[in-house]
Structures are given as C-alpha cells and as structure tokens.
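Visitor: Listed here are the chains, written in short residue letters.
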Amino acid sequence: MKDKNFIDLASVRAGLENGGKKRFWRSLEQLADTEEYQKLARQEFPPNPPVKETQPGLSRRNMLKLMAASAGLAGLTACTKLPIEHITPYVRPSEEFVPGHPLFYATSMPRPEGGATGLLVKSHMGRPTKVEGNPDHPGSLGSTDVFGQASVLDLWDPDRAQTVMHGGAITNYSEFLELLGQLRNLYLTQKGAGFRILTETVTSPTLGSQLKSLMAEFPEARWHQYTPVNRHAEREGLRAVYGEFLSTYYKFDQADVIVSLDADFLCSGRGGVRYSRDFADKRRIKDPHSSMSRMYVVESMATITGASADHRLPLKPSQIEAFATALAAAVGVKDVEPGSQAAEGVPAGWITGLVRDLQQHRGGGIVLAGEQQPPRVHALAHAINAALGNAGKTVIYTDPIEAQPVNEIESIRELAADMNAGKVDTLLIIGGNPVYNAPADLEFEKALDKVNLRLRLGIYNDETSYRCHWFIPQVHFMEGWSDDRAHDGTACMVQPLIAPLYGNRSPHEVIGALLGDAGRTPHEWVHGYWADQKLASTVEYETFWETCLEKGVVRGTAFPAKAVTPKPDFAAALPKSSNGKGAGAGSMEIAFRPDPTVWDGSYNNNSWLQELPKPLTTMTWDNAAYISVKTAEQLGVVSEDVVEVNIQGRKLRVPVWILPGHADGCLTVTFGYGRARAGKVGNGTGFNAYSIWTSDTPGFAPISKPGKTGDHYNLVTMQRHSIITEGGHKEEIESKSAFNRDLVRVASLDEFRSNPDFAADPPEETTQAPNLYPRQDYSKGYQWAMAIDMNSCVGCNSCVIACYAENNIAVVGKEQVDAGRIMQWIRVDTYWRGSLENPETYHVVMPCMHCENAPCEYVCPVGATVHSPEGLNLMVYNRCVGTRYCSNNCPYKVRRFNFELFSDWKTPSLYGVRNPDVTVRSRGVMEKCTYCVQRIKEAEIRTQVENRTIQDGEVVTACQQACPTQAIVFGNINDPNSKISNQKAQSRNYVLLAELNVRPRTSYLARLRNPNPEIKE
Amino acid sequence: MAAREPENVGTLVAPGSDVLGPGHSYGSVTDKISSIVLTRGTGNKYKVGLGVAVMLLLMLNFGVTVLFAIGVGIWGINIPVGWGFAITNFVWWIGIGHAGTLISAFLLLMRQKWRTSINRFAEAMTLFAVACAGTFPLLHMGRPWLFYYLLPYPDTMGVWPQFRSPLVWDVFAVSTYATVSLLFWYVGLIPDLATLRDRATKKFKQVIYGAFALGWRGSARHWKRYEMAGLLLAGLATPLVVSVHTVVSFDFTIAIIPGWHSTIFPPYFVAGAIYSGFAMVVALAVPLRKYYGLEDFLTIRHLDNMGKMMLATGMIVAYSYVMETFMAFYSGNKFDIFMIMNRMTGPYAGVYWTLIAVNLVIPQLLWSSKIRRNPLWLWVLSFSVQTGMWLERYMIIVTSLHRDFIPSSWGMFYPTKWDYIIFVGTIGLFFTLFYLFVRFLPMISIFEMRDLVHKTAEEAES
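Protein chains in written order, with my numbering: chain A, 1 to 1017; chain B, 10001 to 10462.
Any given hint might turn out to be false.
What the hints assert, rightly or not - Each computed SDA-like pair below joins lysine to any residue, with the alpha-carbon atoms no more than 20 Å apart:
(1) A:Lys736 x B:Tyr10414
(2) B:Lys10334 x A:Ala994
(3) A:Lys251 x A:Gly489
(4) B:Lys10417 x A:Pro762
(5) B:Lys10455 x B:Thr10238
(6) B:Lys10334 x A:Pro762
(7) B:Lys10334 x A:Glu900
(8) B:Lys10417 x A:Glu815
(9) A:Lys814 x B:Tyr10414
Unchecked claim - Beyond 12 Å from chain A on every Cβ pair, some chain B residues (computed):
(10) Leu10050
(11) Thr10065
(12) Gln10112
(13) Thr10135
(14) Leu10146
(15) Lys10203
(16) Tyr10226
(17) Ile10362
As the list claims (entries may be wrong) - Selected chain A positions facing chain B (Cβ under 7 Å, derived; list incomplete):
(18) Leu501
(19) Ser737
(20) Ala738
(21) Ala819
(22) Pro855
(23) Tyr858
(24) Thr883
(25) Arg884
(26) Ala994
Everything labelled a hint here was simulated from the structure, so no lab data went into it.
Glycine is no exception: its CB is placed at the ideal position from the N, C-alpha and C atoms.
Start from the sequences and build out the full structure, keeping to the hints where you can.
Guide: Structure (structure tokens):
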C-alpha cells in the first residue's frame, strides 16, 4: 500500500501513558489508534450488521411479571384462527385424504431469469417429495429440466435460513413489520426519495402490480431488477431492431432449418424444456419416409445443443459476430456489409450451403443467438428471421413477459452508482444475491456498505444477507402463494404444497406491508389480483380460481403474437460491440456462461445438482475453464492445471479442462461456483467466475494469454476420458472403443432411407444360445421393457435427477465420486467420433438393462438379485450381503454399491424429501435401477382393485416422465399395440452387447443425422 | 504311562542318505526335535520375530475394526473394480496352503520319503494360510454380520443360498479344506504329542500334551489303526489339492468378464497354487533349518526337490500365460483382444510386466542345480515367486475389471492404506501362528523321522 500511514510514535506513547484503560495491547497500531487499525479491526470483526443494544438484565420482579404475562398471552394464541386457504389437487382428486396415497398439485417454479416452469408436485401425506412437469403448462408439457426436478430438495435443505435476523441476532417478523411501518410513514413524506428495491427479474403479475403500486406511492423511489444470467443482450438486440421491449419464443416443431449462433436453447434457459420437446418432435423418425429438421450450431463452448446439431462449427465468441454479419449479408439483410473476418475459421461452402438451405425454407427456419453474444448478434439474428419471413411463423414476438422490462445491467450499474453517491438510504433486496453475482467492476459489496439501512428477503443467509441489517427468510415456491408467467406469457399459479417450514415470508407480504397492508396474506394478494383481471364473472370467480389452481395455469392468457417490422435504419444504428475489439485469430478470449447444473449459483447448495455430472464433461462438484485440445497445447497445460486469468487487473485462478469440440483460442468458465456462504453443500466448490466478470463485457472478454501457475487442482468426472496421442493425432480411447464395440449406432437420414436396418444386430447374435438352466416363460402377463430413442435424446440429464428424487438415491460427495462410487442408477454417457477439434458427440443413456439372462443373478451367492415373472431384474436389499460379484459381472456396469453409509440418516429435514415407497439403502448393499418397480406395483394394485389390466401408458418411470424429449418409452411388450412394442418394432432398434446373449430388455433406437449434402466436412 | 519304545532303541544307527544326515538313531532324532519344544527355550531372535509378527497382527485387528466400523469404502475398490486386495489376498493365501496338502497327502500316497521332514510344518503352513485366506471373504463383504446367509441353514423363511453362484461353492470348498487340513494335521501330531507328554518334565505341560495326545500308548493296535486313518485322510485330502483351487478359479471363470471367463483357469490356478505353496515352504524351511540347526533333516536334497517342484509348476503357469494371450487373438473376440492388449499396454502394464519378470523369467534360474542347491538363492527366488503369484491374482482381478465392456464405466483401482494394512496384517497373523507352532509343537514329525531312520538303516543293510 503506497499511502500507508506511518505510525505516529507520539500517539503511541500517549496511548501507552493512558495505559490505565488499555492494559494489554495487540499492536502499535492499536495504541496509536490509527484509522487503518480501525479498518483492520472492522474487517476482522465484521462491523455490520451492527449489533443491537442488548436488553438490560431482568430483575427477578420483572421476570415474574413477564412470565405471568406470557402465560396469559399464550392462552390467547389458542383463539387465533388461521385463514383457510384451499389448494386444489391436480389429478385423481380423492374425496378424502387417503393415507399412503400421494396427491399431485399443480404449481410453478419461478426461475431467476424470470418466467416459470409448470410443475406437478407429488405430496405424500402433505409432504412434497417429487416433481413432475405440468402437462397443461406450455413451458413444460409434462416434462421438467434438472432444476425443476431438483427444486424439491431445496425445500428440505437444512441450510435454508430459518430465522429473522437483525444485526446478527435472532429476532421476529413482527419487529420487522414495525420497521416497515415506520419506513412507510417516512417515505410517504419523502415521496420515496432514498428508497430502493432490488429484485430479480419480476414476471409475477401480482408482484409486478404490487411493485408498480408501490412505485406510484413513492414516486422518487426506484425499483431495480438484476439477474446475472438473463436475456440482457437479447432485450437490447430486439430493441435495436424493433424499437421496443419484446419477448420472443420459437416454434421448433415447425422449423425445418435451425441456426444457433452460440445459443444453447435445449433444456437451458427460458422455454428450454418446451423447445427440446418441439425440437425432438420435428426430428422424430417412425419409418424411412419420416423427415427431420436440420440444425446448424456455431458455438464456442461444446454444449448439448451442439451435440444435437447436424453441422457444428466451433468458433471463438468474437468470430461468431463476424459469422452472423456474413450470414445476414448473404440472406439479404439491408445495409449489412460482411466484414473482412467473415471467412475466418469457417470452412468454405459452409455459409453458402447454409444460406441456400435457409432460403429454401423461408418461413420455416429459425436463427437464434445465445446470451453470450452481444446485442448486435441478436439484432442480426432477428433481422435475418425478418428477412427470411420466419418472423411471426417460427419466431413469435409478444409483449414482454416481464412485469417491467429494463436493461438489467444498466439497472444494477445505476444502483451501484447511486449507493456510492450516497443517494440510497434504504435498500430492500428481494431474492437474488448481488453481493456474490453483481459484475465485479461495480464493487457492489463496497457500495452496499454505504447504504444506511439494508433489508433483505432471501431464501438463504447468503453473501448478500450477511451484509444486510435485517434478514427475513423467504418462502420456497412450494411454501407460498404467487403467480408467474410461462415463456409465451401464459399466466401460471404458484400454489403452495406445505405451510412454510420455518415461518418464512413471501415477497408479496413484504411489499404488501410497505403498501400499508401488512395484514393481507399472499393468498389474498394473488387471489385478489386475478379477481381484478375480470377473467370470470364475480359469481363464477371461485370456480375459475379453483380451475386455475387445479390446472396450474390461467387458460387463454398466452400473449398474442405481435406483428412487428424492423426499423428501416436499424442496421446503421446497431450497437458496435465492444467485445469485438482486437479479437483477432491469435488473441485469447474468455467466455462466461451459466453452469449447466448450478446455473448462476442459485442452485449451488443443492447436492443433487452438485453431484449431477455436467453434460459432455461429466464433471461433478466443480467448474473449470474449458479449453480445446489445441489451446491446451498452446498454453502448455493439461487438464487440471491451474491457470491465472487476468481481466483488467482482476485475477482468477482456475483449473483448465480439455473439452473436445471447444473452440480454439478461448476459455469458457461457468458461473455459480466459488461461493463463500452457499451452505454446507456448496461452500468451497469450484471457482468464482463473477470475480472477473465485468458489466461492459458480459458475454465474453478479450484476455491476454492465461499464465500457468504450476498448481494442480483435482477435478472429478464420472466418466474418464483418456486422451492419448496415437499416430500423431489425438484420440480418446474410450470413445474409440465404444465405436469399435457398436455401442453407438448412427447413420445419416439418406443412409437410413436406403438401408433402414443399418442398426440391426446380426442374427447370429440375437438367436437364443443354448442354456443349461430352464428358460423362463416370458409370454404371459406383463413383460416390462424400455426403449430409448437416441435420436430424440439431447443428453440434458433430467432423467438422472428424476431418478435421484424418485428412488432416494444417496449423494456421495466429490471424494467418493473421484473414487468411482457415484450412486446414480441412470447415467448419460458421452462418446465422441471424429477429430477432437470438432467431433460428433453422442449420448448413451444407461439405466439397468433388465437382462432376461441376467449375468448378475446367477453369481449372487444369496439370491439377493432375482428375476421377476414380469421380466424385472429385482434387487432384494434385505438379502444382500454385499459381495459385489453382481456388479463385477454386469457388462453394463449399472449397479451401484453402498461402500459406506452414503444415505443421510441423520439430518431430520431430509427425511421429508424421501419417497416413502422406496427403501433408503444402508451400508454394504448393492442397488440399481428397478424400472421404478414401486410405480409398477402401485398401478398393479390399483388395477387389480378395479378388476382390469394396466393400460398402455399407465405406468411411467421417473426418467421417462421427466424426459423433455420423450426419448424414453416404457411399457408392456406383451401388448402388441403398446407404444413400447411399436418402438421395439422399428428398424432402428438395437441392444447393447447383443453378442453376450444376456438379452437386455432395455433397447436403443439408433441416432440419425441430417447433414446438408452441400457441406462437406 | 510311558510309551513303549522299540526294542532296538539306541542301538540302531542309520548311515545317512540324501534325505537324512548320517549317524542318526531313534533317540537322536527324538532328542533333536523334541528339544526345540521342551528344553531349548525361547531365544532372543525368536522373541524379536514373534514380537514383530504380533505387532502386525495388532495392526490387522486395528484395520479390521475400522473396516467393520466404516465399511469396505475404506478400501480403494469401486465400480467397476468391485474386488481388489481382499480377493487377491484370499486367492493368494489359499494357493499357498496347497503345497502343504500336496506334500502331506499326495506325496504320502506316492510314497515319497523326502516329504517326511517337511510335511509337518508344511501342513501347519496350510492351516495358517487357510486361516488367513478365510478371513478375506468375510472381510470383503458389505455386511459381514450376515455371512451366514451363505450357509445352507434351515431358515424360517425357507431361503437357501443361491447354488449357481461360485461363491457358495467356495464356502463349501474352503470349509471342507480347512476341516480336512486341520484333522490331518492333528491326527499326524498325536504320536508326537504323546512323545512330548512323556518327555515333558513339568506337570502343566504333561497335562496339556497328554490331553491332546488322546491316550496314545504306541501299541501295535494303535499303530495299525493310525496308519489306516492316515491313509484315509490322505485319500480325502488328495482330491482337495486339485478341487479347492479349481473352485476358487470358478469365481472368475463363471463370470462373463473378459480376462475371467476362461476354461484354462482351473489347471492354471492349481499349478499356480502349488507353485506359490512350495515357494512358501522354501521361504519357511530355509530359516528354520538354519536357526534350529536342522540341516540333517532338511537336507539339500529337500531344497533341490522343492526347487524342481517350483520349476515344474512355474512352467505350467508360464504356459497358461502364453495360452491365454494366444487364445485371445485366436478367438478373434474383440473384448478378449482388448483385454490382453490393455493388460500389456494399458495403465496396469507395469503390473503385468513385473509379473512376467518375477513369476516367469527370474524362476528360470531354477534350471541350474547350483541355484536349486543353494539355500540362500532358493530363498530369494521363493520371494520372487510369491510376489509374482500375488501380482498374478491382482492382475487377473483388477485389470480385467477396470476396463470391461462399456468404456464410459472404465475406472482405476488405487489401493488405500487400509488395503495394505489388512494385507500386511494377515501376514502378521500367519507368522504369529507359525511362531507359536514352532515353539509349542514339533515342527518335524518325530515318529516319521524315526521311521525314516529305520528305513534308511534297512536300505543300507540290504
């Protein structure tokens, strides 16, 4: 420190002379009582939240008085009648509450970036245990993504904040209400000057209207919105082209040609689940006459969207802008000149082939840009869609679904500036976590300390809550009433399934209190808001309301498509991207994106998501800087080497991970890790990308060559990738072996049409080999089987989390995953084909194969794994002694062993999330996929009572139910008309390792690609 | 009740042969061997050796306590490598035991007189090796307290073991082996226990040895029945030499994993077992001979013969290695070819080539009779073979499992400190038992040595 104050010796002496007070001293600085010392002491012992004055000691007399009063008042509480707020179950409503029979309730999961996923939540005796998608919700259609599936664990998270805190001490909500009352009176007189609210993106109509009313009452107050991962660039891009805030959504089920410019739209971000379904529907192959769409992906990171592409081109983020410009110029967007860099990194013929394809499918194409790309690329994408006549057909524009759309980066920047300028007296932060995730250049934490009164409503006592005077625990969405909107604007209900576990509060209550209506419950706010919308007559309103709750959505509230025309001169006025500066081929870049499992950090304390292997890398419990093979060579690093990235003096030390298919010359880091106060699960995981992320370069930033530090950091992946150099080029031996063994079968659409049986197993491998033991008769009764369509699967991992939730699967932690002991019953394997620079990526979803000649069964010495007459390979936990022979002999290695006591038997709150129909396994027991036998048995019992057989589609496994693309089909193969029989009859049907004669019941449908014949790769 | 000694006690002196030093009489043989137990006492070297062994045994207790408290997760095993050190050690120890049975039963039936001086401690070695081996199937279980599920006991639920599983066959094979070995060993001890009872000077020893001697008086009727019992037990034990390790090899061959699923395993395992067993006999015999001055009883001829046995069985093992590799390519099975290539060039190539070196190449030195007849050389070679045989089982188990059919599930096995603690701990158990054995029981069969003296003398006369 340059201007460090030298200690004034005179004041030290003075301090010593006055030593009567300070007998013991820690340092000379303390004696001198310098400012620096004070600062240091403040850092060591956090100054805020300021400690509240303690109550003076009670006298005996007062104590007795208080006791008497409490006893009297305690009696009074018995007279309080809580308001009855009816919630309405979704399907199979029972007349009464039948113990042991779960009920489903429709609700919606609000997302940090705005918009909600519609869910059906299973409630066992009032205990939410499992999440499914809501078939009536346009963003779900009955499926969910990983976040939706994992949300139920957040509800029961023992680390959730449980008490109202003031100045670091526990207090109660009524004291906070008193404060809010005082604040209201104060700001009514001041017209709200000095009062600020910071929320995440608000798409809840009720909360939006409450906040708007509040802003009307406090005209000089400001409402800021900020979410780090959001559609910042898209909003601005749309504004540049159309001059107003708009929302868009895409109809992938009607698109023949899709061009993604760094957009990872499958199962990620707003509408991702629906998009996956639509995308898969358009590519579903029944027979050689079926057709499928064609997707081109230009991206820097290797994503699951790129893995699903027919043509994929890895480009540095900055080069994608040049690509977009060239594409726009080629399809005839006015006033766009292709830049000189256009062809860099793009193989010859790529753009011409792509343009011809797009032009042949006018009105049937989609060009979309990713959030990492600057507004300019978004503007170009929308202009291309307009030029090709896609706008209004496959690309739909509506009014914004946000209650009040703003440029959020500007919004937080303004708030930080105002806080620094001392213009903010009171700040109420609802949700979010800006201290952790605001752009680093705003130095939000420092600015926040300058605010006199900081109030916070949040789910966790996190980094932001810790810096606030008041902290109120917020409700989980399964605990509180609210509403929200789907990606197309459809209003959906957030219906609670359980009373708040810890007396948590809803934003509706807190804003309500500021509006002077502290007594009004969230239910009344939401109920009242929709009554005001006059969607039903007053007489019928209660019926309407119940229908809304039952279905989870307010029917007919999707926003109508808006006819928009681009501004004539938009191209000239396009924002010049600051990112493009100096982005030549030789320079390095760093791209930021949300993490596929912990997103922006909101899900960091969720152990299911932490342990979920990330797509393609199968990394767990950490993030890394992903780089290409070539870049790794340039930097002289290998996976797990720590490098130091420096952006404008901000440094981040992060380990690299070599990811085949990643663009050269850039690093990608994901957000959401490196948190200080996430909780027991999340603390200490990964590296904080926000620490080098600035508001002027939100998508990607140019950097100098990252320096090698010589450190090593252990990154843990589920699937091992051994990259070796063979014959001068890099190879990954796992993938090579997988293709040698025909585990992945793939053909182009044309090859499939000329040879529909390309994937079939040779007959000598499928005929029954002689057997010593009598063969089981599988011709009678139900015979359960599964087929997984690898042409539909996008590798999103929803099935994996669904399986965790349904089957009480234990989380083992990073060290045990490293030791090879991850417990998941279904996994998504990744294999690459082709050069590691830009390989084709394939997923294989692996549940238990339920072999008819199961090799696990005959080696078990105690008969703990046996075959059921219905073709299920069962695991008898009680009988298992844990020899692990079954796992050794399983050719698919789908069995999982409790090497230690992996299930959490100690944390009471986690008892809540467990599925009561599934045993919680103990130490020393083998386990594996059961085809959700509990669901099969439930259906069998139910249908036996009703004296009928199980209909096709009545038994749905957890993975099948969650699958956004409906790639998994399950059912009875003895029913020739069932969906599963149809799938298995398809020519693409094959089984893994048929030559072993184990006769697996799980089969696969081969993957197809639809490449453009004009583009040779 | 003194045992009746033969009439010509003290008068018959054998001239010596290649299996017995010259100038031994009934008395000198009996004196020499029984003095180790009764009069020689406990030397300092013995105390140090026993101390070390007991320390290792305590380490085993510690390791097992932690294992039972936490679970098999303390080891390095995982999915896909579900078996690691425990099963390797199990097969290794069982194999070591085989030489004892072979010597005492098989060579008895073959009337090989050179077995006389080594059979007793080789049998003891068998017993102790089986004790070490027997702990591992128990320890490696996820829920060892339920081990009895593997036994065919009358369960109230009517549940039986699953008889198609080789692990159940193992239970029968190993428990039969342990029982027969114990009986054989004990029956063989009875006349010697009587000798010790008669020679013991302290009441306590007389009572203990006397109790175990089961009233042996050495009458002709005793001897007649005794010979018959010994012959019957030898007949029972002989098939076990072949059957036990065959069944153990079924643990692997019955599975479908490349590297395990192989018809060559039963003879290959039996040969390997005898190979390592003789190596262990040599490893024990050379220091015993030296320390207790038993050069007259454990002659160079014995060492030479054991060296030849090692060479013969080692060649069978080497042939198996070659055939395994050849068959993988000859079959054209892509999984088998990959497995062999992965063994030779994969992450565990070091294990494979070390194994080839210590188990196949170095033992070729046994072709030289100079080396076979040099106790020190033979002793060193025996360790090479034992290391090799341990590595062989490690290679079969770990390298076959770590990369099998589905490449996404490939993994690695890294042993933890607990793997080593428990392995080394059982070595402690073995040597503790062995130290106690040489201190309290005659390590060489006295009565058979007397018989040998008689026969040697007769042969010299004729």
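Visitor: Is the claim that B:Thr10135 lies outside the interface with chain A correct, judged by CB distances over 12 Å?
Guide: Holds, because the least Cβ-Cβ distance between B:Thr10135 and chain A comes to about 15 Å, which exceeds 12 Å.
Visitor: Would you check whether A:Ser737 satisfies its interface hint, that is, whether its CB is within less than 7 Å of any CB in chain B?
Guide: At 4 Å from the nearest chain B Cβ, A:Ser737 passes the 7 Å test, so the hint holds.
Visitor: Under the criterion that the straight-line Cα-Cα distance not exceed 20 Å, is the pair B:Lys10417, A:Glu815 satisfied?
Guide: Holds: B:Lys10417 and A:Glu815 sit about 16 Å apart, inside 20 Å.
Visitor: Do the numbers back the hint for A:Thr883, that is, is its least Cβ distance to chain B under 7 Å?
Guide: 6 Å, holds
Visitor: Does A:Lys814 pair with B:Tyr10414 here, judged by a C-alpha cut-off of 20 Å?
Guide: Status holds; Cα separation ~16 Å.
Visitor: Are the Cα atoms of B:Lys10334 and A:Pro762 separated by 20 Å or less?
Guide: With Cα atoms ~16 Å apart, B:Lys10334 and A:Pro762 stay inside 20 Å; holds.
Visitor: Just checking, B:Thr10065 versus chain A, shortest CB gap more than 12 Å?
Guide: About 15 Å separates B:Thr10065 from the closest Cβ of chain A, which puts it past 12 Å; holds.
Visitor: Under the criterion of a CB-CB separation shorter than 7 Å, is A:Tyr858 in contact with chain B as hinted?
Guide: 4 Å, holds
Visitor: Have a go at the A:Ala738 hint: is there a Cβ in chain B nearer than 7 Å to its own Cβ?
Guide: Constraint on A:Ala738 satisfied, holds at 5 Å.
Visitor: Report holds or violated for the interface hint on A:Leu501, using the least CB-CB distance to chain B and a cut-off of 7 Å.
Guide: Nearest chain B Cβ about 32 Å off; hint violated.
Visitor: Can you confirm whether the C-alpha distance between B:Lys10417 and A:Pro762 stays at or below 20 Å?
Guide: 48 Å, violated
Visitor: At a threshold of 7 Å, is the proposed contact between A:Pro855 and chain B supported by beta-carbon distances?
Guide: Result: holds, 5 Å to nearest chain B Cβ.
Hints 1, 4, 5, 7, 14, 18, 26, counting from the list given before, are not met by this structure.
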